[in-house]
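Trainee: Sequence:
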Amino acid sequence: MNTNTQTGSDAGAEGLLISHSSTRATVAVPAEWFTGLVQLEMLFSPAGPDRASAGLVTFPAGARTHWHSHPLGQTLLVTAGAGYVQRAGGPLQEIRPGDVVRIPPHTRHWHGAMPESSMSHIAIQEALDGKSADWMEAVSDADYAASGEGSACGG
Numbered sequence: 001m002n003t004n005t006q007t008g009s010d011a012g013a014e015g016l017l018i019s020h021s022s023t024r025a026t027v028a029v030p031a032e033w034f035t036g037l038v039q040l041e042m043l044f045s046p047a048g049p050d051r052a053s054a055g056l057v058t059f060p061a062g063a064r065t066h067w068h069s070h071p072l073g074q075t076l077l078v079t080a081g082a083g084y085v086q087r088a089g090g091p092l093q094e095i096r097p098g099d100v101v102r103i104p105p106h107t108r109h110w111h112g113a114m115p116e117s118s119m120s121h122i123a124i125q126e127a128l129d130g131k132s133a134d135w136m137e138a139v140s141d142a143d144y145a146a147s148g149e150g151s152a153c154g155g
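Just so we're aligned: 43 in the UniProt record's numbering is position 43 of the sequence shown, and the numbers increase by one with no gaps anywhere.
Errors might be hidden in some of the hints.
Calculated pairs, EDC-like style, for lysine to aspartate or glutamate (alpha carbon to alpha carbon, straight line, at most 20 Å) [stated by the list, open to error]: (1) LYS131 - ASP50; (2) LYS131 - GLU32; (3) LYS131 - GLU41.
Computed Cβ-Cβ distance ranges for the label pairs, DEER-style [claimed, not checked]: (4) ALA25 - PRO49: 24 to 32 Å; (5) ALA142 - LEU37: 40 to 48 Å; (6) GLY48 - ALA133: 32 to 40 Å; (7) GLY90 - THR23: 32 to 40 Å; (8) ARG51 - ALA88: 35 to 43 Å; (9) ARG51 - ALA142: 35 to 43 Å; (10) THR79 - THR23: 27 to 35 Å; (11) PRO71 - SER22: 29 to 37 Å; (12) ALA54 - ALA146: 27 to 35 Å; (13) GLY89 - ALA133: 30 to 38 Å; (14) PRO46 - THR107: 35 to 43 Å; (15) SER45 - GLY89: 15 to 23 Å; (16) PRO30 - THR107: 20 to 28 Å.
Think of the hints as simulated: they come from the structure by calculation, not from any bench. The beta carbon of each residue, even a glycine, is placed where N, CA and C say it ideally should be.
Can you build the whole structure from these sequences, using the hints too?
Mentor: In structure tokens, the structure reads:
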């Protein structure tokens with residue numbers, strides 16, 4: 001039995017790269033991309049020929065992304081709380097723990113917490129030519145408040 005398991009960023013091609021939770025930092029996300037005090041823990045970033053990255057994103061109540069899209073799409077795995085996701089021109093949709101949201105490439109959308117609940121999700125996306133997202137304007141407070149009024153939400 002081969003027990004040659006390596007840890008850390010210096011793992012060789014034949015070893016495993018293990019990112020222990022105690023070694024990852026949680027940071028505030030850039031205010032030009034989010035509304036509210038959103039926190040990000042990067043779980044992994046591209047290393048070598050791969051293009052995928054993932055982060056655990058935690059939104060306090062009422063916090064949300066700005067409008068954005070991803071050149072190769074995005075997958076969200078909701079881990080805690082309750083939130084919303086909406087594509088441009090589409091209905092507001094409620095998301096809860098265990099829900100998986102697949103967002104197609106180049107789809108303008110936003111996601112975040114409900115007004116009275118925090119929400120966390122793991123966001124997975126791939127980079128195309130080194131870019132994984134195209135950020136746009138903020139979802140206004142008026143649009144965010146209006147999107148929850150009279151909308152048919154489905155999980």
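Trainee: Run every hint past the structure and note whether it holds.
Mentor: We went through each hint and held it up to the structure:
Restraint check: the Cα-Cα separation between LYS131 and ASP50 comes to about 13 Å, which is no more than 20 Å; the hinted pair holds. Of the pairs offered as hints, the one joining LYS131 and GLU32 holds, with about 16 Å between alpha carbons and a cut-off of 20 Å not exceeded. Only pairs whose Cα atoms come within 20 Å are accepted, and LYS131 paired with GLU41 is accepted, the gap being roughly 19 Å. Roughly 26 Å separates the CB atoms of ALA25 and PRO49, a value that falls within the hinted 24 to 32 Å.
Here the CB-CB span from ALA142 to LEU37 is close to 20 Å, at odds with the stated 40 to 48 Å. Range check, GLY48 to ALA133: Cβ separation about 21 Å, and the 32 to 40 Å hint is violated. The hinted range of 32 to 40 Å is satisfied by GLY90 and THR23, whose Cβ atoms lie roughly 39 Å apart. In this structure, ARG51 and ALA88 break the distance hint of 35 to 43 Å, their C-beta atoms being roughly 25 Å apart.
The hint said 35 to 43 Å for the Cβ distance between ARG51 and ALA142, and at roughly 37 Å that hint holds. A hinted range of 27 to 35 Å is violated for the C-beta pair THR79 and THR23, which are about 20 Å apart. Distance hint for PRO71 and SER22: a CB-CB separation of about 33 Å, consistent with the stated range 29 to 37 Å. A hinted range of 27 to 35 Å holds for the C-beta pair ALA54 and ALA146, which are about 32 Å apart.
Between GLY89 and ALA133, the C-beta spacing of about 19 Å breaks the proposed range 30 to 38 Å. Here the CB-CB span from PRO46 to THR107 is close to 22 Å, at odds with the stated 35 to 43 Å. At roughly 32 Å, the beta carbons of SER45 and GLY89 sit outside the given window of 15 to 23 Å. Between PRO30 and THR107 the beta carbons are some 21 Å apart, a value that agrees with the proposed interval 20 to 28 Å.
Against the hints set out earlier in the document, violations occur for numbers 5, 6, 8, 10, 13, 14, 15.
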